[in-house]
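*Asks:* Construct all of the structure, not just a fragment, from the sequences and the given hints.
From first to last, the protein sequence lines are chains G and C.
The numbers in this note's numbering rise by one with no breaks, and the one at position 287 of the first sequence is 340.
The numbers in this note's numbering rise by one with no breaks, and the one at position 309 of the second sequence is 362.
For the record, the hints were derived by calculation from the structure and aren't laboratory data.
Any given hint could be a false lead.
A partial selection of chain G residues facing chain C, derived with a Cβ cut-off under 7 Å [to be verified]:
#: 1; residue: ALA151
#: 2; residue: GLU191
#: 3; residue: VAL194
#: 4; residue: GLY210
#: 5; residue: TYR214
#: 6; residue: MET251
Glycine included, every Cβ here is placed at the ideal spot set by N, Cα and C.
Protein chains: 2
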Amino acid sequence: MATLKVPEVVPSPTEDCERLRKAFQGLGTDEKAIIWILGHRNASQRKKIRDTYQQLYNEFLIDRLHSELSGDFRNAVILWTYEPPERDAKLARNALKARSKGTKQLEVLVEIACASSPHHLMSVRHAYFLLFDCSLEEDIVSSVSQPLRKFLLGLVGSYRYDNEAVDLEVASSEAETLHEAIKTKKLDHDHVVWILCMRNFFQLRSTFAYYRETYGNPIEEDIMKCGNSVLRSLLKVVIWCINSPEKHFAKVVRDSIAGLGTDEDSLTRAIVTRAEIDMLKVRTEYAYMYKSKLDDAVIGDTSGDYKKFLMTLLGARM
Amino acid sequence: MATLKVPEVVPSPTEDCERLRKAFQGLGTDEKAIIWILGHRNASQRKKIRDTYQQLYNEFLIDRLHSELSGDFRNAVILWTYEPPERDAKLARNALKARSKGTKQLEVLVEIACASSPHHLMSVRHAYFLLFDCSLEEDIVSSVSQPLRKFLLGLVGSYRYDNEAVDLEVASSEAETLHEAIKTKKLDHDHVVWILCMRNFFQLRSTFAYYRETYGNPIEEDIMKCGNSVLRSLLKVVIWCINSPEKHFAKVVRDSIAGLGTDEDSLTRAIVTRAEIDMLKVRTEYAYMYKSKLDDAVIGDTSGDYKKFLMTLLGARM
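*Replies:* This is the structure we're talking about:
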């Protein structure tokens, strides 16, 4: 379901590094070559390129990219070149250090906790303290106030069972618990936190399906009618990231281009983090939700090398 | 600081397996050989022996030990032969499934969360869901009631920064927060949970030291004077496991042999889990706290192969 296109015959990491080195040298930078190489390599190939580049030239590839490129193009290429756990740790840190701490800033934490594997979340937490000398939890406690804090702590602290194990009795009783919390407008009840933060994703999808069958509406619609407005928005992101991440990321892309100006950081994040995972599904969902093409949206709101790079990750032949 | 004695020249895993196989064969079992081999190998050597045994004889070493041995001796040898994360996941599960859920049963969870490395805790959580098809957190929620539940969830959910990073201002302000919670008998306040569950161990030791200097008593002594009796006992274990695990394990050994009868499960757990870590310090601390020798206590309260095995782990020449 990825949009990333890797050539059938991939050059060796050494060949890729030599071409990158050539692209950096001389007057100006050959951005086209950089897009062509990095934009067509998957995470493990990019890792080999990073390692080989450092061995060959005794400098970090990311440092070199930083000095050669600029603007949104630079941000996107660098984010793409990081090891995914390191990338997400940096995104999480930026979100927690942003001045405003609304749902929009913090949804990246939910994406890491709910739209990635439990193992990836652990790797991000490990990368976080290697990079920032403190734990992700410590930064959440010091940066986010209640009631978001307890949900975010629960979400990033969980290590969910990572296999399909669904108990239909649990689904019905926990759908009832969630319904009761929504009805009494107690979205921040401990039981809501435990259910959403601890149950495995398959169990939760079953619980949400049971909720819809029994109470008539998707649970996120009922949540949006009650309680603290910031919390309910966050919970909607939680439910979408668990139930159908493609909906969430289609919305991230849409919100980033809607209205005047573009939120390049969010647009970059959505495409860079999902190009290797489910961007084909995001594209389909986008078309369904907004009756227009995601690719046209990106083409219309971006330009230059930044546009070329995002479109490459979206699978376009540039 | 381990008491485990590994010979200078260690036989190959194949040689060890052949000797173990011989010990199992024929009439009766050669327990002495089993103690001699497994009781003198460290965790990575035992892992190689397990793997090699399976390859050579197409059966699990632990299954064979189970069928050959019996009683407390069997429990101790098997616990020692498991991969440490698997061993601790099983200990945690047994604690959560025990009928009574007092501090005594649950302290094994605190040991895993506070007297081991953050990385080990993650491995235990991973082993837990591989073994039991659910997460450790789910079992805590379903087995333990408040106020212990929120502390245990916080403790096992944390992924502490694993390096020495101490901020003296944080130490003083958090010592003050803890003192306020103790003074107002609100041990289950969220701030107490966050401080004890999230801060790195070096930071917490500095906070506890500041507390003692400023308020005159070790923090665990002040805690024992206030609040819910089960919670304060658990918090004392938390503080000892963070500050001086040797005190905690000396007490586990002492409690296991004190009074009529012996609590073999606790005695086994203390020796098996610490023989490779800090049993020398536990022994010294035991002598200081109880004015008697830990080894004499074990010799006096155990017998047969069980005694021989524990004493081997304690470094005795049997």
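*Asks:* Looking at the structure, which of the earlier hints fail to hold?
*Replies:* Failing hint: just 1.
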